[in-house]
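Participant: Here is how the chains run, residue by residue.
2 protein chains.
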Amino acid sequence: MNYASLDHFFMTLGNKQRVRILQLLAKQGTMGVTAIAETLKVEQSAASHSLKQLLLCHFVTVKQDGKERIYAINEDTVKPLFEQIERHVDKYCVKGCAHWSRL
Amino acid sequence: MNYASLDHFFMTLGNKQRVRILQLLAKQGTMGVTAIAETLKVEQSAASHSLKQLLLCHFVTVKQDGKERIYAINEDTVKPLFEQIERHVDKYCVKGCAHWSRL
DNA sequence: AATTCATATGAATAGCATATCATATGTTAT
DNA sequence: ATAACATATGATATGCTATTCATATGAATT
Chain S
1 MNYASLDHFF MTLGNKQRVR ILQLLAKQGT MGVTAIAETL KVEQSAASHS
51 LKQLLLCHFV TVKQDGKERI YAINEDTVKP LFEQIERHVD KYCVKGCAHW
101 SRL
Chain E
1 MNYASLDHFF MTLGNKQRVR ILQLLAKQGT MGVTAIAETL KVEQSAASHS
51 LKQLLLCHFV TVKQDGKERI YAINEDTVKP LFEQIERHVD KYCVKGCAHW
101 SRL
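From first to last, the protein sequence lines are chains S and E. Residue 1 is where the first sequence starts when you use the numbering used here, and the numbers rise one by one after that. Residue 1 is where the second sequence starts when you use the numbering used here, and the numbers rise one by one after that.
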């Protein structure tokens, strides 16, 4: 992998599973790896791999709590970012992106 | 390909070449396909493919001008979006994302 | 209408990211 | 120290995406 910052940023988001995790964390606040994996019905290993990449781009933060590592979304930038993105998606993509016809 | 809107949005951005095109259009205003391809040193065909996907997510707009199709960035949502994203990248990723060590 | 310029499309290969499996590391309790 | 729980890591095979090449479509000019 050899990405500049911005590319790495988008690359990390360009994956359903990682976006699901972010959405889950945005909703639930904080969660451990096992809880995330169970909720999204993915392997623990897969969740861990995804979280690592999210961590590298600082989309999420961790803190150790006993045996568990509790992940949280980066409230500072990611939350407002997602709100703005959803504005774009709502406005332009709800009907648009789904249908590859016309244009 | 079977993506929900939000996934499709990110998927489209999760590619260097498409991001380069958006950055170019943000900077230059409007450009035709050949000009884009030459500037970014990619094949005309590749540029066209990329632009189609950007169009499907409404990141860009087109208008026909003679033989040419002039592409422009979606000023309404994409520009402010990129500004906010760059805030995140500058703040968290300049040093962070590049180095996979620590954390 | 034929030619040239500009862009789009389709198909196939090449390239890369992800999912998976097995295992390692780390933490706490007994 | 060992066992049990929680998470991380590494390697590999699979699957998906992008690039490429060849060609088609569209527009304007002669």
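One thing to keep in mind: the hints can contain errors.
Same chains, same label: a pair holds when it works inside one copy or across any pair of copies.
[Unchecked claim] Calculated cross-link-like contacts (lysine-lysine; reagent style DSS-like; alpha-carbon spacing at most 30 angstroms):
{"no.": "1", "residue 1": "LYS52", "residue 2": "LYS27"}
{"no.": "2", "residue 1": "LYS63", "residue 2": "LYS91"}
{"no.": "3", "residue 1": "LYS79", "residue 2": "LYS67"}
{"no.": "4", "residue 1": "LYS27", "residue 2": "LYS91"}
{"no.": "5", "residue 1": "LYS27", "residue 2": "LYS79"}
{"no.": "6", "residue 1": "LYS79", "residue 2": "LYS91"}
Derived by calculation from the structure, the hints in this document are not laboratory data.
Participant: Each hint: holds or not?
Facilitator: The hints, checked one at a time:
no., hint, verdict
1, LYS52 with LYS27, "within (20 angstroms within a copy, 33 angstroms between copies)"
2, LYS63 with LYS91, "between (36 angstroms within a copy, 20 angstroms between copies)"
3, LYS79 with LYS67, "within (27 angstroms within a copy, 43 angstroms between copies)"
4, LYS27 with LYS91, "both (22 angstroms within a copy, 24 angstroms between copies)"
5, LYS27 with LYS79, "both (10 angstroms within a copy, 27 angstroms between copies)"
6, LYS79 with LYS91, "both (19 angstroms within a copy, 15 angstroms between copies)"
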